[in-house]
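Line by line, the protein sequences give chains Y and U.
Per our numbering, the very first residue in the first sequence carries number 1; after that it's consecutive.
Per our numbering, the very first residue in the second sequence carries number 85; after that it's consecutive.
Note that these hints are calculated values from the structure, not bench results.
If you're wondering where the values come from, they're calculated on a predicted model, not measured in any experiment.
Ideal Cβ placement from N, Cα and C applies to all residues, glycine included.
There may be inaccurate statements among the hints.
To be verified - Among chain U residues calculated to face chain Y with C-beta under 8 Å, some are:
{"id": "1", "residue": "A130"}
{"id": "2", "residue": "N209"}
{"id": "3", "residue": "I232"}
{"id": "4", "residue": "F254"}
{"id": "5", "residue": "N256"}
Unchecked claim - Where chain U lies over chain Y, by a calculated footprint (3+ residues, C-beta under 8 Å):
{"id": "6", "stretch": "37-46"}
{"id": "7", "stretch": "66-72"}
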Amino acid sequence: MTILLFGITKDIIGTSTLSMPSSSEFGSKKSKTVKELKDYLGKMYPELKKLSSLAIAVNNSYANDDTIIDNFDEIALIPPVSGG
Amino acid sequence: MDFNRYQRQTVLKDFGPEAQQKLKDSSILVVGAGGLGIPALLYLNAMGVGTIGIVEQDIVEITNLQRQVLYTESDLGRPKIEVVLERLRLQNSTSKFKTFDTFLTRNNALEIISQFDIVLDGSDNFPTRYLINDACVILKKPFVSGAIQGFEGQLSVFNYKGGPTYRCLFPNMPSLEEIPNCNDNGVLGVIPGIIGNLQALEAVKATTGVGEVLSGKLLLFNGLNQAYQTINFNLQPKNATIKKLLKSYGAELCETSPSISVAEIEQKISSGKSVQIIDVRTKTEFENFSLSQVKAVNIPLNELKGRINELDFQSPVYLLCQSGKRSEMAFRLLLEQNKQLKLFNIEGGVDRFLALHG
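Pulled out of the complex, with its shape left as it was, chain U reads as follows:
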C-alpha cells in the first residue's frame, strides 16, 4: 500500500498504518449515489477504502445539481452510476469498485449486501431504509444511516456489534399518506453534504475501530441553529431476531413496474388521442408549474387512495410527478387497490420533460 498517499492520516497517533490497512482491507456498500451518497463516496474513496460498492439506477437530473456535487451540467441525462464510477476511478486508481445498476429490492438486497462488510444508507425513501435494516439484521452487518429533510438531518449506526436497529427507534414504516411530500421534500443543498460526510466518518470508525461509533445514539442536526443533539436508545431484542425479509416493502422501487418514456407519451399526445395523465405532485407544486403540452389531472399522492374513483378505469393511466419517484409509489398504491388498472409510470417525470425541452 502507498502509505505516502495516506501520510496525513497514518501520521495520526490514534489512526496510524494499522487503521489504514484495515480501511484497505474493508468493503463498504453505498446505497444511493445522491445527496448523501456522493460526499460519502468521495471521502471513502479518497481515504483509501479498499472495495467500494455502489447501488444506483437513476440518471442525473437538473434538480440533483444543487446538492449532488459530483455531477456537472454535462452529465445531465447520463446514468449516475456511470458518472460516479468514472470520477471515483480518476480520484483513486487503487480502489476496487463493484457497481450495481439497479435499485435495491427485496429480491436483490441480501445477495448484494452479503458481499460487503458494512452498508452506508444514502437512500431517499422509507421502503429502502426498512429493507436495508432488515437485510442487515439478517446478515449481521452494521449500517450507517443518514437521512435528511429540509434543514435537518439524522444520523446513527445501526446493528453495530449487536447494538440497536432502525426498528428500535422507528418500529413501523410510515405509510404514504402520512408523508405529504415524500421523496421530493425540499432540502437545502448543503445539508446532505454535512450528513453524508458524517456517515463517511462513522463508516471509517466502524471499519477501523478508531474512536466511538455512534451506536445506540441518534444524532439530530438542525442546520438553522447549528444544534446537534444526541438521543440515547436501546436494543429491543425482538428487532434483532428478524430471520427473513417482509413479503413486500410496500412502495419499494422495483424493476418490474411498466414505464413509458417522455418521448413515447409525447407521441401519444401529438397523435391527438386523449391520454389520461395523473399528476401526483402536491397541489402547490402543480399550481406553481405544470407542463403546457400535457393535460394532466392533479391528484396528490397522499390523496390518491381516497380519490381513486376519479380515474377512468377503462383507459390506461399514465402517472406523472416531478422526478418519477412519487409516480412509482402511486403505481404501487393503485395496483394494490385495483389489479385491473392499466398503469404506466412516466419515467423521469416533469424533470425529464424539462431536460428534453430546456
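For reference, chain Y alone in the conformation it holds in the complex:
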C-alpha cells in the first residue's frame, strides 16, 4: 500500500510517499482498518500522535477510523495547513 504524505506529516516521516510492503506489520489479522494503520504509524513516528486533526483519505475519499483498507489502497495523510 502506498501512503502519500502532506504538510507536516512529510516533515515528520521524512519523505513524501511511504510504501508499506505487506500486511505483516499489523500482525496476523486479515482485514485492517484506518485505526490500526494510525496506531501503527503512531508507534513508528510518535510525532504523528500529537496532531489533533489529521484527515486520512483512502483512495481519494475521506476515511473514518473503521474504514477497511487493503494492500492495494492509496492512503493519504492530510493535516490542516494554515498559511496565507
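Take the given structure of chain Y and dock chain U to it, following the hints.
The following block gives chain U in isolation, referenced to the frame of chain Y:
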C-alpha cells in the same frame, strides 16, 4: 453596467451577461490581504464583483513582498488596507469597497460577515480559520478556503448549499505545540498566488452558479511535482448545527493585547535598564539572525508552556518574533498560564526593527 469592459467573459457561452450581472450584484468578503488575499482581490475586482469587503490590520513588511505582489517597496510600513484600497480603486472605479481596519475576532466576525454573500478565507492562522468556519455556519454563508504551507496548498468551498464544513475535514483546532513554525512557516512565493487565484475562481463560480463548485472536495496541490489531487468528504451533520461562536478561539488575534512599539523598546534598552525580552522564534531562526541591539532570550513558541518558569515573573516580559504574530500567540498562551504576568507584544517584531534600521 459596462458590458464592453467585461466583453471577454460575457462573450463566453457558459458565462454571458447573466453571470456578469450576478457578479455585479454580489458581495464578497476577503479576510486577509496577504499572499492568498491579494491575487484573489485583484481578480475579483477586475472581473466585476460589485461589492468587495477587506479585513486586514497588518502593515506592509519587507518579508511580504516575495509573495504579496500588489505591494511595492515604497509601501513598506504603510497599512495594507490603505495600499490595497488605493490600488483596487485605480483598477476598477465601478466597484464598491467596504474596508475593515481590524483583525477578525469573535467579537466582530458575525457583524462583519453578515454583510456579505460569501467569504474568501485568506487568513494565516488556525484560530481565524475556525472562527470563519463557525461564523459562516451560523450565518449560513459559504466560504472559499485556501491555505498554504511550503510548496503545498489546500483548497475547498465549505458550507456551500448545506455542504460539508471545515470541521468535517479537520474537527479540532490544532494546538500551538503541534505547529512548530506557526505563521512564519516558509512558503515559496508563487504558491499562494496559485491557490489565491483558484479561490477567486471558486468564489466566482459559487456566486454565478457557473460550473461545479469545489464543495465536498478538498483539492491538494503540490507545487514540487505539479500534482493536483482531490479528496471527497461528506457533511458530518453535527457540524452544521453550530448556533454560537466558541467562548475563545485560543490564540486568535484580538485588538486588546497590550503592545509596545519598536521605538519604545529601544528607548528602554538605551536607558540602560535591564529589559526582559523573550524571542519566541525557533532556535534555528534565532541562531541565524538575532538583533545585536536586543539582548533577548530564545524560548521557541512551542516550548514556551513547558519553560514558563524561566521567565522572571517580577518584571515585564516583552515578547518578540519575526513579524509580531507568534509573539501575539505567545502572549495569549502565557496569559492563560499566569494572569499576573505583565506581558507586552513587540509590534512588528524583528521585521519592524529591520524596517527602521535597514
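Each hint tested on the structure:
1. A130: Violated, because the Cβ-Cβ distance from A130/U to chain Y comes to roughly 21 Å (cut-off 8 Å).
2. N209: Because about 5 Å separates N209/U from the closest Cβ in chain Y, which is inside the 8 Å limit, the hint holds.
3. I232: holds (4 Å)
4. F254: With a closest approach of 4 Å, the F254/U hint holds.
5. N256: holds (5 Å)
6. 37-46: violated (count 0)
7. 66-72: It is violated, with 0 qualifying residues against the three required.
Of the numbered hints given earlier, the model fails hints 1, 6, 7; all others are met.
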